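**Student:** Heads up: the sequence lines are chains B and C, in that order. Sequential numbering of the first sequence, starting at 547, is according to my numbering. Sequential numbering of the second sequence, starting at 547, is according to my numbering.
FYI, nobody ran anything at the bench for these hints, they're computed from the structure. Predicted model, so just to flag it, every value in this text is computed and none were measured. Heads up, the beta-carbon is just placed ideally off N, CA and C, and yes, glycines get one too. Any given hint could turn out to be false.
Unchecked claim - Going by beta-carbon spacing under 10 Å, a handful of chain C positions derived as facing chain B:
no.: 1; residue: Ala574
no.: 2; residue: Pro587
no.: 3; residue: Pro588
no.: 4; residue: Ile626
no.: 5; residue: Gly631
no.: 6; residue: Thr679
no.: 7; residue: Ser685
no.: 8; residue: Lys752
What the hints assert, rightly or not - One-sided and incomplete, this derived list gives chain B residues near chain C with beta-carbon spacing under 10 Å:
no.: 9; residue: Ala581
no.: 10; residue: Glu601
no.: 11; residue: Thr639
no.: 12; residue: Gly671
no.: 13; residue: Glu673
no.: 14; residue: Leu686
no.: 15; residue: Leu687
Stated by the list, open to error - Derived list of chain B stretches under chain C, where covered just means 3 residues or more per stretch with a C-beta under 8 Å from a C-beta of chain C:
no.: 16; segment: 571-577
no.: 17; segment: 588-599
no.: 18; segment: 623-636
no.: 19; segment: 688-699
Listed below, chain by chain, are the residues.
Protein chains: 2
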Amino acid sequence: MPTLAHIGEDELVRRLTTGLPLDRSVLAGAGDDCAVLHAPPPGRHLLFKTDAVVEHIHFLRETPPRAIGRKALARVISDIAAMGGQPTHALITLVVRRATELRFIEELYSGVREVAQTFGVNIVGGETSRGDTTVISVSLLGQVSARRWSNRRGGKAGDALLVTGRLGGSIKGRHLDFTPRVKEAQWLVKKFTVHAMMDISDGLAKDLPRLAEASGVEFVVDESALPCTPGCTPGQAWGDGEDYELLLAVSPNSAARLETEWPRAFPKLELTRIGKFVAKGQGIAPSFATKGWDHFAGNS
Amino acid sequence: MPTLAHIGEDELVRRLTTGLPLDRSVLAGAGDDCAVLHAPPPGRHLLFKTDAVVEHIHFLRETPPRAIGRKALARVISDIAAMGGQPTHALITLVVRRATELRFIEELYSGVREVAQTFGVNIVGGETSRGDTTVISVSLLGQVSARRWSNRRGGKAGDALLVTGRLGGSIKGRHLDFTPRVKEAQWLVKKFTVHAMMDISDGLAKDLPRLAEASGVEFVVDESALPCTPGCTPGQAWGDGEDYELLLAVSPNSAARLETEWPRAFPKLELTRIGKFVAKGQGIAPSFATKGWDHFAGNS
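Based on the sequences and whatever the hints tell you, model everything.
**Tutor:** Right, here's the structure in full:
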């Protein structure tokens with residue numbers, strides 16, 4: 547089997563980047579010192595994010611390389627989605643062992659390209675380097691309406707907390723095969739005043755306290771309401787992570803209207819009210835919050 | 547000595563990103579799902595680049611961490627410079643072993659911050675992950691005049707080839723302590739019609755053939771003219787790499803004017819004419835081009 551050592555870096559980059567579909571925003575893509583891109587039009591802000599998946603941590607040596615590639619790009623798209631934004635341009639950095647088979651790299655890249663095509667992302671370059679472990683780092687640009695974008699800082703005491711989809715048990719496969727909620731998030735920020743939003747990557751147990759802390763509030767969770775993946779307990783829905791669903795805070799009035807309009811817009815995806823933001827000092831840790839869980843806003 | 551395992555990722559990120567100086571282009575920096583940035587004004591294009599430094603490849607375990615951090619950011623700034631651009635916003639991804647000392651990470655980051663401050667770069671986020679080897683991946687945004695930017699593709703037969711500074715022997719220290727040629731490159735694209743330009747990262751032996759190939763030409767080098775670092779042979783100036791100087795192609799008329807105006811603008815930095823582009827089939831490999839050197843445009 548040919549390996550990276552057989553063909554060298556220039557030839558590898560040529561194979562990976564030839565024939566990449568690019569739209570008219572790209573003035574120079576792979577093959578120059580930098581990508582050169584048309585800036586977003588007036589009224590749009592830039593979004594900029596990077597994320598890495600690392601062997602042994604985010605995937606195993608036996609994970610199919612195409613799934614690794616899909617996950618590497620989809621994770622970052624999920625972050626762009628969390629702002630209500632549209633992903634546009636990506637750079638892919640691969641650190642691989644010298645003995646890595648070309649086929650591994652090519653299949654990994656085909657997973658990246660598959661997700662890029664689905665979400666209209668231009669792959670405009672990247673880099674390969676040798677290293678002692680496999681790392682795929684993805685940098686992603688996006689854009690968002692300057693008037694309508696969500697962040698983590700605007701949550702208020704009294705806000706309803708909602709999540710998309712079902713939570714827990716993603717290790718059984720969904721962590722490799724999730725759908726970033728790009729269109730759902732864009733619909734949300736366009737139609738509603740979203741006080742705070744993020745994607746659930748590390749699990750509600752870590753991410754909800756982060757959202758609360760960024761907004762300067764605490765939270766109460768309705769444990770019986772958590773939308774559990776079939777076969778999962780509420781504790782797993784709380785702690786497992788890698789759900790890549792949206793977590794958002796809106797006013798109670800918005801929540802009522804949202805609960806009416808959501809099923810018409812997205813009949814196949816659940817939206818569940820899981821609790822509310824409360825003032826500092828009034829938060830209650832869920833019953834399955836373990837002693838090791840040191841991120842609760844009230845304790846930090 | 548405290549390690550990453552002692553404080554955890556959230557606390558580490560908080561320590562690294564607190565107090566980062568940000569200019570008014572930054573609407574949201576570290577701490578949200580994405581950085582949110584004002585887009586460049588009309589008439590400016592975006593530049594987008596990523597680059598990684600990897601333990602054992604780009605630095606050794608005994609390399610001072612501050613120097614590693616400086617190099618990681620300066621390499622990418624050098625790529626933005628090669629387009630005649632201005633670096634603006636960076637994301638820093640660190641992959642480190644769990645047992646890595648906090649002090650190593652903090653010093654590495656202080657090297658990144660030092661270079662960021664020198665070149666007016668906003669550090670707007672990043673990521674840390676555990677892994678079996680140390681990797682620092684930097685993503686950098688920049689901007690450039692839409693009317694004046696250089697690439698690798700516009701070189702013409704007859705163009706003069708010039709380089710800034712001196713070449714060779716960078717392994718003795720300059721590879722950790724070079725100055726990206728940002729202001730020089732901006733001056734060049736503003737004052738002259740630069741047909742093709744790049745930064746010399748892998749060495750003239752690899753980079754000059756790349757520039758020629760991208761422009762569809764070949765080259766002839768005046769071996770006796772190569773500006774060698776004191777103590778280095780022309781063969782070392784040709785092959786060592788990691789010089790991070792500019793390599794550019796301009797018309798012979800521009801070259802003559804440039805050789806007059808350069809010393810007034812940059813009296814402390816040499817600019818040397820090292821050869822010319824010629825039509826395909828007329829290139830001559832330098833005498834020190836070894837058998838292993840398979841990148842010569844005429845042979846590929």
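**Student:** Please verify that hint: Thr639/B, Cβ, nearest Cβ of chain C, below 10 Å or not.
**Tutor:** holds (5 Å)
**Student:** Would the hint on Leu686/B stand, with a C-beta cut-off of 10 Å toward chain C?
**Tutor:** At 8 Å from the nearest chain C Cβ, Leu686/B passes the 10 Å test, so the hint holds.
**Student:** Taking 10 Å as the limit, does the beta-carbon of Pro587/C come near enough to a beta-carbon in chain B?
**Tutor:** holds (8 Å)
**Student:** Against chain B, is Thr679/C within 10 Å by beta-carbon distance?
**Tutor:** holds (4 Å)
**Student:** Okay, the segment 588-599 of chain B and chain C, do three or more residues pass the C-beta test at under 8 Å?
**Tutor:** Our answer is that it holds, as 10 residues pass the Cβ test (under 8 Å) against chain C, meeting three.
**Student:** Report holds or violated for the interface hint on Lys752/C, using the least CB-CB distance to chain B and a cut-off of 10 Å.
**Tutor:** holds (8 Å)
**Student:** Per the CB criterion, is Ala581/B less than 10 Å away from chain C?
**Tutor:** holds (4 Å)
**Student:** Given Pro588/C was flagged as interface, is its beta-carbon under 10 Å from a beta-carbon of chain B?
**Tutor:** holds (7 Å)
**Student:** Holds or violated: Gly671/B as interface residue toward chain C, Cβ cutoff 10 Å?
**Tutor:** holds (7 Å)
**Student:** Three residues or more, CB to CB closer than 8 Å: is that satisfied between the segment 688-699 of chain B and chain C?
**Tutor:** As far as the segment 688-699 of chain B goes, the hint holds, because 7 residues have Cβ atoms under 8 Å from chain C.
**Student:** Given Gly631/C as an interface hint, is its Cβ closer than 10 Å to any Cβ of chain B?
**Tutor:** The hint holds - Gly631/C has a Cβ within 10 Å of chain B, the shortest such distance being about 7 Å.
**Student:** Taking the least C-beta to C-beta distance, is Ala574/C closer than 10 Å to chain B?
**Tutor:** Hint holds; Ala574/C Cβ to chain B Cβ min 6 Å, cut 10 Å.
When the structure is compared with the earlier hints, no violation turns up for any of them.
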